[in-house]
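If you want the building blocks of each chain, they are given just below.
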Amino acid sequence: MKILVPVKRVPDPYAKVAPNADGSDIARDSLPYAVNPFDEIALEEAIRLKEAGSATEIVAVSVGSEESTEQLRTALAMGADRAILVQTSDWLDAPAVARLLAAVYRRENPDLILLGKQAVDMDNNQVGQMLAAMLDLPQATFASKIEAQSGQMRVERETDNGTETVSVTLPAIITADLRLNEPRYVALTGIVRARSKPLETLTSADLGVSVSASVRLVRVETPPKRQAGKRVESPQQLVQLLKEEAKVI
Amino acid sequence: MKILIVAETDGSQISEKSLPAIAMAQRLAPNDFHILTIGHDLQGIDKLTGYGAQAVWTAQSPDLAKPVTDKYAVVVKEAADQLGATVVAGTTSTFSRDLLARAAGLMDAPMLSDVMSLEQENGQVLAKRPIYSANLVGVFAVDAPRFLLTARGPAWGKPNPTGGASEVKTLTLSSALPNKTQWHSLTAAAQGRPDLTQARVVVSGGRPLKDAATFEQYIGGLADTLGGAVGATRAAVDSGIAANELQVGQTGKTVAPDLYIAVAVSGSVQHLAGMKDSKVIVAINIDPEAPIFSVADYGLVADLYQVLPTLQEEIKKAKG
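Sequence order for the protein chains is A and B.
Going by my numbering, the first residue of the first sequence is number 777, and it counts up by one from there.
Going by my numbering, the first residue of the second sequence is number -10, and it counts up by one from there.
Heads up, some of the hints might be wrong.
What the hints assert, rightly or not - For the chain B half of the interface with chain A, some residues (derived, Cβ under 10 Å), not all of them:
1. Ile34
2. Arg86
3. Ala123
4. Leu125
5. Arg182
6. Asp227
7. Gln239
8. Leu248
9. Gln259
10. Lys265
What the hints assert, rightly or not - Label-pair ranges, simulated between beta-carbon atoms:
11. B:Pro51 - A:Asp805: 55 to 61 Å
12. A:Ala791 - B:Ser1: 23 to 29 Å
13. B:Gln32 - A:Glu923: 29 to 35 Å
14. A:Glu884 - B:Asp213: 51 to 57 Å
15. B:Thr151 - A:Lys1019: 31 to 37 Å
16. A:Ala797 - B:Lys306: 42 to 48 Å
Quick caveat, the hints were computed from the structure, so don't treat them as lab data.
Virtual Cβ for every residue (Gly too), placed ideally from N, Cα, C.
All chains should be modelled from the sequences, with the hints used to inform the complete structure.
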């Protein structure tokens, strides 16, 4: 089984983000970047499937600027076999990313696409599902457990109503949720080995895809801050205030 | 703007989770919105007929008895095509995020997730939605003949009952449904409590609650005293003391009850993203520096094991 793992370069989820001077984007100067955490979980799962003998090859792919090479190197250091950068400096909406990934799928013909359920910058949660629709593949989103079976994957999904279990016939698309696994730390040997692994750069023209975005981010705003209220001394005082001041009980 | 609301179902029961999306449709297209229900032997369609929709459409077949997204997305596309809908929407939830994004792929249309507001300005649609774990709000311009969206529940509230009943009509399907996903089961922690996203009161617990039994005793107990729902932090869920579907936050549920009581919750950015729109927030934490206090209307620095039993007694007295 060959697995394609899309990974996105995102601002480090622990870094503080704020609007830039003209409010057109976030302030990006000296912002640290990382692999989108959900994509990292997806990659970890692909590596575990390979270690268990279910997968034979893992190809990491990123759509973005040349700087995304950094995140692809991380993916290679973790255990991907090779990497593809679809290089673009354009603002892309989710359908545009999905169209580019669909073209990579057709070129690579993997049995499985494993990616994060959402990227923690735009928090869209769309690309996996759109890609599945474009390729007419079955999808299992929000995976918390994956089991490789003959010609299919059995997936436990985290839904608002509980844990749902489905099987999808391969080729298929699975998106990773938080509790699928805990990604490994990258070992030094992995970083060294990653340097000699192949990393190919393509453009949208190479893939025969013309990208245009119909949803654009035009302004970034800071949400209204909630003010801290008062400290109370006892449960008795709390209940009194909730009843008489806040009037919620 | 002609809006099609896709109602949330488990294949047999209509849920009320779609109400915020209907409230949105009432505001944006009061005289031109439709509702779509999908399933088999659907119960509760009448829950949706009193809000002024032009029609409540229903697509039913044994093949739609379980909520398999690959199949439902085909139905959504077909309904949108037949009705000429320019906006297809649901309330933000795992159901809607999963289904509508796949439908968007089939319809070759873009999508906006978790929309807080939507305006038309000089023929252009501008939508606001949370980005970067709700640390920021993004204003997005949409330039497409049709698009999909999920409506952020707390931002839109409940629809107004309009009196009268929308006509229930049958949607005739002409497309074949894909068959590459098999549905096996749904396991839910039976609770017998109000739905987390719709409850008037939510009591949430964090990791310091030792184990599942302690969590249930203290957090569940307080929630029951208030007739509320139970929530949890990611850490509490990860450590196995609370069920997955109770998680509140960036990757869990977004809630905005009248009263949110956070017990032993430190208040990570991710957790705050899911509850900071609550009307009144109470924080009970032994650590006076916990970030949760910075958003709390009422903060009590205390050991939960000492104060929760008293709190429960006092609430019972106050409610009479």
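Against the structure, the hints:
{"no.": "1", "hint": "Ile34", "result": "violated, 19 Å"}
{"no.": "2", "hint": "Arg86", "result": "holds, 5 Å"}
{"no.": "3", "hint": "Ala123", "result": "holds, 7 Å"}
{"no.": "4", "hint": "Leu125", "result": "holds, 5 Å"}
{"no.": "5", "hint": "Arg182", "result": "violated, 14 Å"}
{"no.": "6", "hint": "Asp227", "result": "holds, 7 Å"}
{"no.": "7", "hint": "Gln239", "result": "holds, 7 Å"}
{"no.": "8", "hint": "Leu248", "result": "holds, 4 Å"}
{"no.": "9", "hint": "Gln259", "result": "holds, 9 Å"}
{"no.": "10", "hint": "Lys265", "result": "holds, 6 Å"}
{"no.": "11", "hint": "B:Pro51 - A:Asp805: 55 to 61 Å", "result": "holds, 58 Å"}
{"no.": "12", "hint": "A:Ala791 - B:Ser1: 23 to 29 Å", "result": "violated, 45 Å"}
{"no.": "13", "hint": "B:Gln32 - A:Glu923: 29 to 35 Å", "result": "holds, 33 Å"}
{"no.": "14", "hint": "A:Glu884 - B:Asp213: 51 to 57 Å", "result": "holds, 53 Å"}
{"no.": "15", "hint": "B:Thr151 - A:Lys1019: 31 to 37 Å", "result": "holds, 35 Å"}
{"no.": "16", "hint": "A:Ala797 - B:Lys306: 42 to 48 Å", "result": "violated, 55 Å"}
Violated hints for the displayed structure, listed by number in ascending order: 1, 5, 12, 16.
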